[in-house]
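4 protein chains.
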Amino acid sequence: MSARWERREIVLRTTATGHRLTAPVFWCHGRNERPLAYIQANVHGGELQGNAAILALFDLLEKEAPRGSLLFAPRVNPIAASQQIGDYVAGVYDFGSGQNFNRGYLYLTGPSRASSAPYVDVDAFSAVHRDATLTEIRDGFREALKAALHAIRESAATWGLDTRLEFALAIQELAVEADVVLDLHTGDRAPRYLYAPEGAVAATRAFGIPFVLEVPPRFAGALDEATFVPWNDLSEAFKRVARSDVRRFVDGFTVELGSMNAFSLAQGTEDAKRIASVLRYYGILDGEPDDPAYRISSCAVADYQSIAAPAGGLVDTVVSPGSPVKKGDLLARLVDPSLCGLPPRSADAVIEVRAPEDGIVILYHAFASIPKGARLLSMMTRVKPL
Amino acid sequence: MSARWERREIVLRTTATGHRLTAPVFWCHGRNERPLAYIQANVHGGELQGNAAILALFDLLEKEAPRGSLLFAPRVNPIAASQQIGDYVAGVYDFGSGQNFNRGYLYLTGPSRASSAPYVDVDAFSAVHRDATLTEIRDGFREALKAALHAIRESAATWGLDTRLEFALAIQELAVEADVVLDLHTGDRAPRYLYAPEGAVAATRAFGIPFVLEVPPRFAGALDEATFVPWNDLSEAFKRVARSDVRRFVDGFTVELGSMNAFSLAQGTEDAKRIASVLRYYGILDGEPDDPAYRISSCAVADYQSIAAPAGGLVDTVVSPGSPVKKGDLLARLVDPSLCGLPPRSADAVIEVRAPEDGIVILYHAFASIPKGARLLSMMTRVKPL
Amino acid sequence: MSARWERREIVLRTTATGHRLTAPVFWCHGRNERPLAYIQANVHGGELQGNAAILALFDLLEKEAPRGSLLFAPRVNPIAASQQIGDYVAGVYDFGSGQNFNRGYLYLTGPSRASSAPYVDVDAFSAVHRDATLTEIRDGFREALKAALHAIRESAATWGLDTRLEFALAIQELAVEADVVLDLHTGDRAPRYLYAPEGAVAATRAFGIPFVLEVPPRFAGALDEATFVPWNDLSEAFKRVARSDVRRFVDGFTVELGSMNAFSLAQGTEDAKRIASVLRYYGILDGEPDDPAYRISSCAVADYQSIAAPAGGLVDTVVSPGSPVKKGDLLARLVDPSLCGLPPRSADAVIEVRAPEDGIVILYHAFASIPKGARLLSMMTRVKPL
Amino acid sequence: MSARWERREIVLRTTATGHRLTAPVFWCHGRNERPLAYIQANVHGGELQGNAAILALFDLLEKEAPRGSLLFAPRVNPIAASQQIGDYVAGVYDFGSGQNFNRGYLYLTGPSRASSAPYVDVDAFSAVHRDATLTEIRDGFREALKAALHAIRESAATWGLDTRLEFALAIQELAVEADVVLDLHTGDRAPRYLYAPEGAVAATRAFGIPFVLEVPPRFAGALDEATFVPWNDLSEAFKRVARSDVRRFVDGFTVELGSMNAFSLAQGTEDAKRIASVLRYYGILDGEPDDPAYRISSCAVADYQSIAAPAGGLVDTVVSPGSPVKKGDLLARLVDPSLCGLPPRSADAVIEVRAPEDGIVILYHAFASIPKGARLLSMMTRVKPL
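Chains as they are written, first to last, in this note's numbering: chain A, 9 to 394; chain B, 9 to 394; chain C, 9 to 394; chain D, 9 to 394.
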């Protein structure tokens with residue numbers, strides 16, 4: 009029996025001329041409604057490859073009817089995708105508000121900074137549900153989160169729904185349903201790497217992605233955090249009332265599928281295999297996840313460090329993203345011809361940038377010309393095997 | 009005896025081609041080094057009028073040698089001032105990072121979110137200075153704040169100074185010296201209005217500005233907060249060790265001098281008079297502050313509310329910024345001709361926006377065309393006389 | 009008998025996410041299909057007021073059924089209208105191609121620079137139609153122009169329709185039908201003024217707009233030229249075969265309705281009256297055009313001169329747009345505080361800009377801060393009464 | 009004897025805050041002042057590689073003192089280099105004026121469209137110099153061109169120097185001195201290719217670049233044309249007075265060094281070798297030019313055709329830039345997931361783009377997401393060996 013599919017459109021923004029910028033949402037109903045995965049791509053306008061992964065998953069699901077269900081939102085941000093000036097898409101920050109499109113989600117178990125939004129009090133919830141079954145807790149808490157989203161939408165009736173809220177609600181109203189959320193991004197110039205919730209080791213290994221940044225359960229606005237932090241808060245609240253059996257029921261991952269501005273259907277097939285393995289882990293697809301083909305290196309997000317360019321200039325990279333480096337290794341040359349004296353020599357134009365610590369270079373700035381102080385590169389430090 | 013002047017340049021950014029974007033700083037040494045005012049203008053690239061006020065203050069100081077001293081930084085943000093696309097300057101958000109240029113300052117008595125920055129522990133400071141004189145406390149705390157700034161700069165030696173830090177440090181290294189800080193901004197389409205620290209009533213009245221938003225002592229990244237919140241924290245810490253004589257020694261104000269993209273030397277003379285009155289209040293100029301010519305209306309910043317545009321469209325404003333309105337009053341028409349049916353009638357294109365509460369309309373969106381969800385207007389509610 | 013209305017949508021652009029950016033077109037069929045006016049507004053994204061005029065014309069046409077017919081395209085450029093960065097719309101140049109949206113139309117009686125587009129050879133046409141009636145000539149030439157547009161669209165089948173062509177064709181396929189075209193724009197900071205074809209004196213007077221720039225019959229890419237220059241070329245071609253009775257049958261005007269970023273429904277009613285007067289002149293509405301209320305000043309477009317800012321700085325304007333000035337009169341102060349020496353004086357910061365000739369100041373740059381070399385203001389010179 | 013070097017700065021723009029955006033110019037005086045080459049890089053802000061070539065030429069000139077002289081302007085456009093929004097530089101079009109930075113140069117032997125600029129009348133010049141020696145003609149004509157540039161600068165005294173003129177003059181006042189001009193650009197996603205003046209076969213072969221677009225002697229605003237077209241006009245004028253010995257004395261090339269946003273010092277060494285070979289051809293370096301290592305393919309610029317994207321979407325490229333293709337070959341897939349039906353299949357999302365003719369694919373759009381109608385790719389057609 010093949011899966012049953014539905015499609016609808018969500019509205020992310022309405023322009024000044026009244027055009028509704030929508031994203032298509034494809035809902036694949038498998039043999040069971042749950043577990044349910046929510047997979048979106050391209051929330052940053054220039055991070056394209058996740059769309060190829062989703063298209064390849066469409067084809068995979070035609071061959072392999074899922075045990076659970078899946079919600080897909082490719083090209084989820086039509087606003088950012090059209091922030092094209094000249095040749096390039098500048099899709100991270102909203103041209104209207106400066107807001108990073110992946111930092112404006114709502115923290116449903118804590119008051120959001122920018123709004124007097126309703127939220128779920130996990131301690132009150134755990135007190136009331138102290139003797140409930142795990143299923144009652146899971147279902148009840150999800151209903152509570154959905155009620156909070158509904159209340160936020162309602163409370164905007166008086167003063168209006170601002171662009172950040174409208175965007176966040178459109179996406180979180182889908183994501184809140186899921187048992188696992190995959191937010192498909194890319195790095196700047198980067199290999200595949202992964203932001204994974206602390207402690208989700210087995211799920212993380214199922215991705216088979218060699219570089220992992222472990223995200224602590226603290227909300228800073230991203231979708232992965234907006235997904236798993238409330239469930240982590242719930243688990244902690246139950247511990248405070250002496251129930252240690254309430255684990256974090258929901259996970260959220262930010263999956264970085266290579267470099268910004270790269271798009272390949274062929275690579276998408278490979279990416280879909282990685283994602284399928286995770287879906288097997290979560291019981292959404294049948295079968296067992298793959299064993300990772302590589303040794304997996306991880307570090308805490310706090311140990312994922314960036315070098316701010318010590319000068320403005322052209323960027324001549326030295327190592328391939330994904331390479332281990334030792335403290336003092338040359339990582340990049342910043343080149344400014346105006347530094348040349350007379351007679352001019354190329355060496356005069358070069359400022360060398362070296363590794364401040366041992367680690368793994370994960371990404372370089374997407375463009376090979378940057379002002380002083382922009383992020384030149386980011387690297388994992390205090391790396392350990394996962 | 010006339011004042012002694014010094015001038016230097018601060019560097020706010022270095023471009024990819026190595027050009028240093030600087031701002032001129034003019035230091036007017038009066039009869040005494042203190043009290044000292046720091047006055048900057050145009051941190052948002054399109055908010056111009058503060059520069060006219062500073063120029064008029066230059067002329068005023070030639071006639072009237074000050075008792076204290078003053079530091080002026082007109083055109084303090086050459087980065088934002090050049091974010092000009094087509095006809096207009098888009099100067100609020102950094103094109104490179106999305107950062108609001110007035111939300112990236114450092115909280116020197118609390119850990120900054122985006123950096124592991126050193127900071128001053130006010131409780132440790134108050135414990136050590138429990139028996140110190142007020143002068144010792146004031147001078148000692150200022151030195152501690154300066155040491156924190158220095159330590160932040162030093163700690164960036166390893167991984168580099170990012171654009172936000174470089175910008176914030178350049179300005180805060182000046183502002184930290186001051187007894188009062190005036191950050192000269194404008195609204196979008198607005199009258200003169202003022203963000204003033206809660207409780208600074210007499211100083212606030214000295215401005216003679218009819219609309220006042222009272223800022224609580226909580227840090228959210230703006231320069232006024234970065235200025236007065238640490239001193240407020242200090243005062244609170246001393247209260248915790250039972251010394252109630254340590255008042256908040258330093259104030260910070262955001263002064264909104266009319267509308268974005270307006271610039272008038274003649275109006276600058278009027279604005280300089282308002283500022284001179286405040287400088288008299290703080291003892292930087294001789295004489296008494298002016299009595300306000302108008303009744304002053306105030307509300308808490310939390311009661312300063314914005315209407316998000318309920319639809320995309322053209323904006324036909326109905327009341328003048330600064331007008332009191334009653335709940336239900338028509339405030340604006342949003343106009344979208346595509347809403348017209350057949351035969352088309354202008355009324356079909358109009359969505360009326362009415363006041364959700366009683367209050368005073370302070371500003372309208374700067375541009376007369378906006379997408380759904382953008383801030384259409386902001387208004388004071390729960391207004392009370394100051 | 010009231011007019012019959014139709015509505016359809018034209019597509020101006022399809023985004024990278026497949027969203028079609030459309031404009032609504034309202035066709036008012038009066039007692040006769042001809043004469044036909046085509047009236048569009050807001051082809052530059054920040055020039056808004058024409059939309060108010062069109063809405064007011066809708067209401068006027070409900071009261072007064074027209075003798076001829078009218079085609080309206082308000083908000084005709086949804087691409088430009090969404091080029092909003094921060095607070096402002098930068099709507100003149102296409103973010104993707106740099107193209108001024110009002111310089112990319114096709115010259116249907118001469119080869120377009122950027123395309124090997126088919127065109128109508130007026131000399132061949134006049135040779136063939138040497139003995140035709142005026143009606144045959146008019147109708148035949150219009151069909152020839154339409155055939156050229158059709159052929160251009162067809163010829164793009166192989167290599168594709170680029171964004172400029174797609175935009176131009178969508179609009180010119182409407183405009184080509186008309187006997188008079190009004191393209192509603194605004195100046196930067198300006199009064200109402202008018203670009204009118206050379207020689208169209210009576211029609212021009214019917215607008216009652218006090219400032220007129222006379223456009224020679226030479227194509228430079230704008231819609232008014234794209235409209236009337238082919239018909240002028242035809243008239244000239246017939247003169248070459250000794251028929252002087254073939255006047256220019258079609259006129260095109262660019263109507264500047266005040267300042268960019270101003271929008272007022274109330275002013276729109278006034279603007280609609282001006283346009284209605286012109287429609288009476290052309291026989292599309294019944295009755296006689298109004299006599300102009302003011303003396304009308306005109307000059308050739310070649311005598312409409314711009315002052316490039318002699319320095320970067322803040323702009324303090326001195327005269328109201330629309331004011332007559334004498335050579336040597338102060339027009340603006342450019343203000344750069346970094347020019348101040350010690351002690352700083354406001355006068356040091358000021359560079360005065362004076363009129364190089366007698367004339368009438370028509371517009372100032374829209375923003376009060378500009379780089380060196382940007383258009384500071386434009387003024388009519390060699391002004392004569394119309 | 010080693011070369012003597014000088015350095016100076018040219019000013020390309022002065023910002024609204026008075027900052028002068030400059031480029032460094034390095035003048036290498038060899039054994040003779042002539043022949044002289046002018047080599048600039050990065051006039052489009054995102055086209056970086058030419059800077060690496062210039063730096064490598066600096067090192068080469070330290071080892072090998074030149075016979076003639078060279079003028080270098082790396083990073084010649086600091087305006088464009090700072091047009092960075094988010095991660096990318098949008099450096100082709102001036103944010104202020106929409107002007108393509110490589111289309112605003114002055115045509116010194118024909119009236120420029122946008123200015124009433126003085127120019128040199130080649131027919132008058134050839135009449136006067138009918139009996140002059142070739143050296144007198146060459147030197148005299150260069151002086152005439154320089155006088156025209158001077159007159160243009162002077163004539164701007166009244167109404168001011170606009171940004172386009174200021175930029176063009178700063179560069180052309182250098183380039184006019186040269187016997188050969190190399191303007192170092194890059195394609196979007198492209199191999200090395202070359203725009204060469206029609207007929208300059210031997211010089212063109214000296215580059216050893218496999219793909220050549222032949223530029224006819226018609227001015228369209230680019231620097232290569234601004235360089236050689238006046239000298240071509242002169243040659244033609246002398247032919248009209250029956251002197252066929254006056255060949256085109258000066259050549260200009262646009263050298264495309266790979267892809268936008270690529271920068272490699274190592275590749276720069278290779279690029280410098282190509283340029284050195286050309287400098288040998290022109291007698292600026294000693295020795296003979298290299299024989300090209302590859303078969304060189306060429307076509308007329310008119311046969312260099314672009315495919316406008318037939319739909320908006322993600323771009324999955326199929327062939328490597330530089331590949332020959334046959335009519336009907338698949339070149340790219342445009343991918344829009346919103347085209348998927350139910351159940352969704354990846355194939356539904358794909359629009360195939362095939363070669364309309366035989367040819368060689370030279371470049372793909374720089375970004376892998378584009379709106380409908382943007383240039384998807386460009387290819388040479390009617391290719392012939394050079």
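Quick caveat, the hints were computed from the structure, so don't treat them as lab data. Just so we're clear, the structure is a prediction, and the values are computed from it rather than from any experiment. Treat the hints with care, since some could be wrong.
[Claimed, not checked] With a straight-line cut-off of 20 angstroms between C-alpha atoms, the simulated SDA-like cross-links for lysine to any residue are: (1) Lys71/D <-> Arg226/A; (2) Lys334/B <-> Lys335/A; (3) Lys154/C <-> Phe133/C; (4) Lys335/C <-> Ala165/D; (5) Lys392/D <-> Ser305/D; (6) Lys71/B <-> Ala355/C; (7) Lys335/A <-> Ala165/B; (8) Lys334/A <-> Ala165/B; (9) Lys334/A <-> Trp167/B; (10) Lys71/D <-> Lys392/A; (11) Lys392/D <-> Thr277/D; (12) Lys392/A <-> Thr277/A; (13) Lys247/A <-> Arg146/A; (14) Lys334/B <-> Ile304/B; (15) Lys71/D <-> Gly349/A; (16) Lys281/B <-> Arg353/C; (17) Lys247/A <-> Thr141/A; (18) Lys392/B <-> Tyr302/B.
Verification of the supplied hints:
At most 20 angstroms may separate the alpha-carbon atoms for a hinted pair to count; Lys71/D and Arg226/A exceed this at roughly 59 angstroms. Distance check on the hinted pair: Lys334/B and Lys335/A sit about 65 angstroms apart at the alpha-carbon level, beyond 20 angstroms; violated. Distance restraint check for Lys154/C and Phe133/C: the Cα-Cα separation of roughly 14 angstroms lies within the 20 angstroms cut-off, and the hinted pair is therefore satisfied. For a cut-off of 20 angstroms, the pair hint linking Lys335/C to Ala165/D stands: about 15 angstroms separates their Cα positions.
With a C-alpha separation of about 6 angstroms, the suggested pairing of Lys392/D with Ser305/D holds against the 20 angstroms cut-off. This hinted pair checks out: Lys71/B and Ala355/C have alpha carbons roughly 15 angstroms apart, not beyond 20 angstroms. A hinted pair counts as satisfied when its Cα atoms are at most 20 angstroms apart, and Lys335/A with Ala165/B qualifies at roughly 15 angstroms. For the hint pairing Lys334/A with Ala165/B, the CA-to-CA distance comes to about 18 angstroms; that is within 20 angstroms, so the pair holds.
Distance hint between Lys334/A and Trp167/B is fulfilled; the C-alpha atoms sit about 15 angstroms from each other, no more than 20 angstroms. A distance of roughly 49 angstroms separates the Cα atoms of Lys71/D and Lys392/A; the hinted pair therefore is violated under the 20 angstroms criterion. For the suggested pair Lys392/D and Thr277/D, the alpha carbons sit about 29 angstroms apart, so the restraint of at most 20 angstroms is broken. For the given pair, Lys392/A sits about 29 angstroms from Thr277/A by alpha-carbon distance, which is inconsistent with the 20 angstroms threshold.
With a CA separation close to 15 angstroms, the supplied pair Lys247/A and Arg146/A stays within the 20 angstroms bound. Taken as a hint, the Lys334/B and Ile304/B pair is honoured in the structure, with Cα atoms around 18 angstroms apart against an allowance of 20 angstroms. For the suggested pair Lys71/D and Gly349/A, the alpha carbons sit about 17 angstroms apart, so the restraint of at most 20 angstroms is met. Annotation: proposed proximity of Lys281/B to Arg353/C holds, straight-line Cα distance about 16 angstroms (limit 20 angstroms).
Proximity of Lys247/A to Thr141/A is assessed by CA-CA distance (about 15 angstroms); at most 20 angstroms being required, the pair is judged to hold. Only pairs whose Cα atoms come within 20 angstroms are accepted, and Lys392/B paired with Tyr302/B is accepted, the gap being roughly 14 angstroms.
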